[in-house]
Amino acid sequence: MKKLFSLMVMALLVVSVVPMVFGAGVGTGLGGDIGVEEFEPMVFQCDQRVLIDDDIQPWRITYDSDTTFPGMKERNQQYLFEGERYQVDVLVFDKNKIDDTTVDLVLEGEEVCYLVCPVEGEDCEEECVTYDDFEENCAPIGCPTDTQRDIRKCNVRVEEEHITQCDDDTMEMYRCTIDILDSETMYGTTWMGVRATSGLTGEEGVYAEIARWFLNPMISLDVTGDLEFDDVRPGTASYSTVLLENTAEGGVLLDMFITGKNWPTTDTSPLGRCQNVDGNGVPIAGSEVNYLPLGAFRYYAENGAYSTRDDNIVDTNTYDPGVTRAKDAEGYLNIQRQLNDGFQEEMFDEAEVLGVRGNTINGAGYASNVLYPGSAGMSVTFRLELPEPCYGNFASESDGSIFFWGEAI
Amino acid sequence: MKKQMLVIMSVVFLVMLMTIVSADYVNLCLTRGEGVEFSKCNPRMEDRYCSADTCNYCAYIGSKGFYCPANPNQCNAIGSSCTYVGDGGDGGGGNIDRTPPKIGTCTPRSDSTYASRNQIFRGNVDKKSDWFYKNSNDKKPRWKKLCKETTRCEKRIRFNEGPNNFLIKAVAQNGASDEKEMNFKIDSKKPKIKKTYPKKGFASGTFEIDFTESNPESLVLHYAGETQEVDIKNDCRPGTQRKTMSLSKANGKTYCSVDVDVSEFDKKRISYWFSLVDSAGITVNSKKIYLSVDTSYPVINNHPFYEVSGKYVYFDISITEPNLDEVSYSYLYKGRYKTKKLCTKLKNGKCEKRVSFKKCHHYVLDVAVSDEAGHAVGERIEFGV
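Going down the list, the sequences are from chains A and B.
Going by the working numbering, the residue at position 376 of the first sequence is 376; the numbering climbs one at a time, nothing skipped.
Numbers in the working numbering are just positions in the second sequence, counted from 1, shifted up by 1000.
It should be emphasised that the hints constitute simulated quantities derived from the structure, not laboratory data.
Everything numeric in this text was worked out from a predicted model, so none of it was measured.
Ideal Cβ positions, reconstructed from N, Cα and C, are used throughout, including at glycine.
Some clues are possibly wrong.
As the list claims (entries may be wrong) - Not everything, but these chain A residues come out facing chain B in the computed CB check (under 10 angstroms):
(1) E184
(2) T185
(3) S220
(4) Y239
(5) L254
(6) Q338
(7) F343
(8) E346
(9) I402
Said to hold, decoys possible - Just the calculated beta-carbon pair ranges, DEER-fashion:
(10) B:E1149 to A:I141: 35 to 45 angstroms
(11) B:E1149 to A:E127: 38 to 48 angstroms
(12) B:T1283 to A:W191: 56 to 66 angstroms
(13) B:K1134 to A:G374: 54 to 64 angstroms
(14) B:K1148 to A:E127: 21 to 31 angstroms
(15) A:L243 to B:G1162: 41 to 51 angstroms
(16) B:E1149 to A:E135: 53 to 63 angstroms
(17) B:R1122 to A:T381: 41 to 51 angstroms
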């Protein structure tokens, strides 16, 4: 037993001595620190940047199914509405490690100041609030490999170094998409950009192409004036002017359309009755009706250098086959009938307030037909040629008998 | 079973999706003056008011129950007819604004007096408004525009001297209004002290002042280290020491007289001055004047102090008075009251003088001895010549 104990002690001594033997030697040890740069991720906008319509009410040339040039081609101003989508592809370069980098599309809230006025006791005070940023994660879509996603379109440069090959250890392409929410959630001016954050170092980089946008601008189509025709003698022409104004925020353009309905009689006994006319105001022989036909109305509109005298839209009768758009010698246009409840794409061209071909705007619309915010408005003069014979009183329907449609472009 | 689950889940998803995307859009039609408090939907938004005959907003009711703006194309697509809000209802959203504005604090403040006719009007109201004012004290009071579409109005106004009945009106963009009345005074003319009495010599305890100020707030006599507030209502009158005037003609001229007990300072030298404060808080002080105090009255020591001899009357009056002003007599002669001096100095404490009177007449003389502090004693004597 004693021997066994002695052997164990010896063995322990040997084990404890061995490292000391190895540690001894002749020579010089070199020490030092190596610090790796905490690289600020770099973000490069890369080719594809599109606005996509919600497809609820597309304008003339909006087709999100168009793969060669998708998106809203008509939008020339910096505003976005609920349901619309902003999408941009970026290339992110992080020399530390791309896998741990998160990329977000950021809507940076701006400071908004307003006066708070207590009713009694104190003066008004200005309060400023900076609204929270909205962030939407961008989805990685890999290194650009084909001509569609060519890294050269990203112009990736690290100082003098121009990078033309995608290294998937340090680079990744992302698709950043934000769907605009309702105005209760997203509203006002905001700076939009793409930000990459290194998960290892916390360093952040934002791409150069940040841009300011107006989200969900408020729009009002204001009408001043009424169609009042008192004591009109049958067979005569009466005039009444209304003013249309666009009081939208964010520079929203309104594409204007006009439709109408017959004006029912308000008399009960006897019912008002008029000679019937067609869509051009031409009497229909042998036909009398208990309403004032829409065809008795025409209008003249002005917008800048153009007036309805210059209108030259060719009516294909796609919307209202019963009324062919035509101006008369005085430059007054007839009015398309309101066929269904809502605005329809078929109204394009046929029901424009004032269209002059060749005078285009935003790719496809008529510049003369656009109501600009902050402008003096668009004056529309209606002419009623009261058919003969005609008696009684007539009023517009409860929801109106002349409809102006302002389509936000 | 698996397939069935999938179908059910798909249906649920579709229904949920429908709920998310199908907000109820309304074509909100406002008439002139009506407003929508979109700020209740989102505080970043400004409230909107209709300044045309009709204003059309496409809107939906947000999660807080208030109207929020939407793209008009949404309303166009469904052909939404007008939801009018002018008939008392709010169409569903709780943020149709019909409440009148409320004017908060304003300056100039009521019941105050200001020292300058040029005052800066400052006011605030709880919603954007056009501001108007009317001064009822103007010759032709009428509403004048002050500020446009603002919650905070600040403008210099030249007010009338004297009382101002000033009305402020704020008309909000929804056409409703609020008014506030302010009554204040402008007292831009500094008070002026014209004279104080006594000017020099001796003080008996009576001090007087002539000043010009239409709105005197306080008048204080400072004497011998003491102060005495003058009761302006009872101790003052319109005019000057020499002339009493009607209030309308006095034009701020005021005379005051105050009596204080200075007996403890008798035969000592004191100073006095007045300080006058007007209702705008402007204070002016009169010049400090030094006087000797004399509170004792002259004493006539001998009776009778005259003798009649023919047409002459011999006055021999023994008087105790160190600060004699004069000895005089007054009498009524042929309907006129005549005053003549006997002495202005005493010789050995006496005033001796021979005076001739017209014959065949009965005289009633009031002999008066006065000192420089204004004290006087008198005695009536009668004799025939």
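Outcome of the hint check:
Taken as an interface hint, A:E184 checks out: its beta carbon lies about 4 angstroms from the nearest beta carbon of chain B, inside 10 angstroms. Among the interface hints, the one on A:T185 holds; its C-beta lies about 8 angstroms from the nearest C-beta in chain B, closer than the 10 angstroms criterion. Here the hint on A:S220 is kept, as its CB sits about 5 angstroms from the closest CB of chain B, short of 10 angstroms. Interface hint status for A:Y239: violated, as the beta-carbon distance to the closest one in chain B is roughly 18 angstroms, over 10 angstroms.
Checking A:L254 against chain B: minimum C-beta separation of about 8 angstroms stays under 10 angstroms; hint holds. The beta carbon of A:Q338 comes within 8 angstroms of a beta carbon in chain B, closer than 10 angstroms, and the hint placing it at the interface holds. Interface restraint check: A:F343 against chain B, minimum CB-CB distance 4 angstroms, threshold 10 angstroms, status holds. A distance limit of 10 angstroms between C-beta atoms decides the matter here; for A:E346 the minimum to chain B is near 13 angstroms, and the interface restraint is violated.
Below 10 angstroms, beta-carbon pairs count as interface contacts, and A:I402 has none with chain B, the closest being about 12 angstroms; its hint is therefore violated. A C-beta distance of roughly 50 angstroms is found between B:E1149 and A:I141, which places it outside the suggested range of 35 to 45 angstroms. Between B:E1149 and A:E127 the Cβ separation comes to about 20 angstroms, which falls outside the hinted range of 38 to 48 angstroms. For the pair B:T1283 and A:W191, the beta carbons lie near 60 angstroms from each other, so the given range of 56 to 66 angstroms is met.
About 34 angstroms separates the C-beta atoms of B:K1134 and A:G374, a value inconsistent with the hinted range of 54 to 64 angstroms. Taking 21 to 31 angstroms as the suggested C-beta distance range, the pair B:K1148 and A:E127 conforms, at roughly 23 angstroms. A:L243 and B:G1162 have their C-beta atoms about 49 angstroms apart, which keeps the hinted 41 to 51 angstroms range intact. For the hinted restraint 53 to 63 angstroms between B:E1149 and A:E135, the CB-CB distance of approximately 37 angstroms leaves it violated.
Here the CB-CB span from B:R1122 to A:T381 is close to 47 angstroms, well matched to the stated 41 to 51 angstroms.
Of the numbered hints listed earlier, those contradicted by the structure are 4, 8, 9, 10, 11, 13 and 16.
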